[in-house]
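These protein sequence lines are chains A and B, in that order. Once you know that position 14 of the first sequence is 14 in full-length UniProt numbering, the rest is easy, because the numbers rise by one and skip nothing. Once you know that position 72 of the second sequence is 72 in full-length UniProt numbering, the rest is easy, because the numbers rise by one and skip nothing.
Intra- or inter-copy, both count: the list cannot distinguish identical chains.
Subject to a maximum C-alpha distance of 25 Å in a straight line, what follows is the list of computed SDA-like cross-link-like pairs (lysine to any residue):
no.: 1; residue 1: 179; residue 2: 126
no.: 2; residue 1: 79; residue 2: 35
no.: 3; residue 1: 12; residue 2: 29
no.: 4; residue 1: 14; residue 2: 82
no.: 5; residue 1: 157; residue 2: 86
no.: 6; residue 1: 8; residue 2: 140
no.: 7; residue 1: 12; residue 2: 142
no.: 8; residue 1: 107; residue 2: 161
no.: 9; residue 1: 14; residue 2: 143
no.: 10; residue 1: 37; residue 2: 62
no.: 11; residue 1: 82; residue 2: 95
no.: 12; residue 1: 19; residue 2: 31
no.: 13; residue 1: 13; residue 2: 68
no.: 14; residue 1: 34; residue 2: 142
no.: 15; residue 1: 107; residue 2: 174
Source of the hints: derived by calculation from the structure; they are not laboratory data.
Number of protein chains: 2
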Amino acid sequence: MMEHLEEKTLAKKKLYDGKVIDLYLEDVELPNGKTSKREIVKHPGAVAVLAVTEEGKIILVNQFRKPLERTIVEIPAGKLEKGEEPEHTALRELEEETGYTAETLTKITAFYTSPGFADEIVHLFLAEGLSPLEEKRELDEDEFVEVMQVTLDEAVKLTEERRVYDAKTAYAIQYLQLKEALKEK
Amino acid sequence: MMEHLEEKTLAKKKLYDGKVIDLYLEDVELPNGKTSKREIVKHPGAVAVLAVTEEGKIILVNQFRKPLERTIVEIPAGKLEKGEEPEHTALRELEEETGYTAETLTKITAFYTSPGFADEIVHLFLAEGLSPLEEKRELDEDEFVEVMQVTLDEAVKLTEERRVYDAKTAYAIQYLQLKEALKEK
Numbered sequence: 001m002m003e004h005l006e007e008k009t010l011a012k013k014k015l016y017d018g019k020v021i022d023l024y025l026e027d028v029e030l031p032n033g034k035t036s037k038r039e040i041v042k043h044p045g046a047v048a049v050l051a052v053t054e055e056g057k058i059i060l061v062n063q064f065r066k067p068l069e070r071t072i073v074e075i076p077a078g079k080l081e082k083g084e085e086p087e088h089t090a091l092r093e094l095e096e097e098t099g100y101t102a103e104t105l106t107k108i109t110a111f112y113t114s115p116g117f118a119d120e121i122v123h124l125f126l127a128e129g130l131s132p133l134e135e136k137r138e139l140d141e142d143e144f145v146e147v148m149q150v151t152l153d154e155a156v157k158l159t160e161e162r163r164v165y166d167a168k169t170a171y172a173i174q175y176l177q178l179k180e181a182l183k184e185k
Numbered sequence: 001m002m003e004h005l006e007e008k009t010l011a012k013k014k015l016y017d018g019k020v021i022d023l024y025l026e027d028v029e030l031p032n033g034k035t036s037k038r039e040i041v042k043h044p045g046a047v048a049v050l051a052v053t054e055e056g057k058i059i060l061v062n063q064f065r066k067p068l069e070r071t072i073v074e075i076p077a078g079k080l081e082k083g084e085e086p087e088h089t090a091l092r093e094l095e096e097e098t099g100y101t102a103e104t105l106t107k108i109t110a111f112y113t114s115p116g117f118a119d120e121i122v123h124l125f126l127a128e129g130l131s132p133l134e135e136k137r138e139l140d141e142d143e144f145v146e147v148m149q150v151t152l153d154e155a156v157k158l159t160e161e162r163r164v165y166d167a168k169t170a171y172a173i174q175y176l177q178l179k180e181a182l183k184e185k
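Start from the sequences, fold in the hints, and give me the full structure.
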């Protein structure tokens, strides 16, 4: 059922070898035998952390995103280091970006963000049992964030106002809404 | 509150001018006055369509995604043409990919997929009042898809099995789960 949709690689060229992403151009053979080109961004993958305090507050970070030329409010997230377990990255990013650590990290799901042109995958974790770190961890030297704590209602409002504006954060907030709705039944 | 997080562009170079994406490298001045580089993928933006039949079935498409080297099951989606209204693109993509047309299209939300390195935005629509087209529309010549109709439970199962594996489709299925949960209360 899947093989007849496959696109075979005829040739592959690396166009750019970057700090975060690489770019490839592939010549492919389509299922009907014709050929086409595919532009493919390679990314190391990322983690994102839905961190919820005992009081039910969500920890978010406001940060400038150069591709969008604006700040958006996101759940803490970061790129996977080579060979690093997603769970380990998740805890590190939570600690670095928010100054909190977590007792438990539970995998919620994982998804590809832009399957048409990129292989980036985001592993999403739920962090609970939060407590402030006694000693703050350093952010990456090119990273600047503002930490916020909001209720679920406030998070939904931030989405409606489009200050929350990215897929992983929208998914995470909707996940909590669903959890609440199922609890109340 | 936002200005002090801003990264100013010092220099900008187009590294690749592609069919779907362009790649830029920017030198930026960080909030602390230091400099860094940002790799930025420019994308025309996209639409995605959560199409639900009268019987409550969701219309999905199975397609090969070269960046992932596998097929995944997604809601119908496609790139915005220059100057095209997202709603128009949404109806076109629904018709081309599934052979169905819709009486109503309602905007659910929009989100950036990979704000760390790309400006791609996905506009998500709910399509209702579906009926099969008498005359099928042609897919793009490099596009091959398999159409499926599934219940919400089956869609959730496809997500757990990781045949559904992308952010927009995961969000759309969770949106329907939330709608159901709120209805039953």
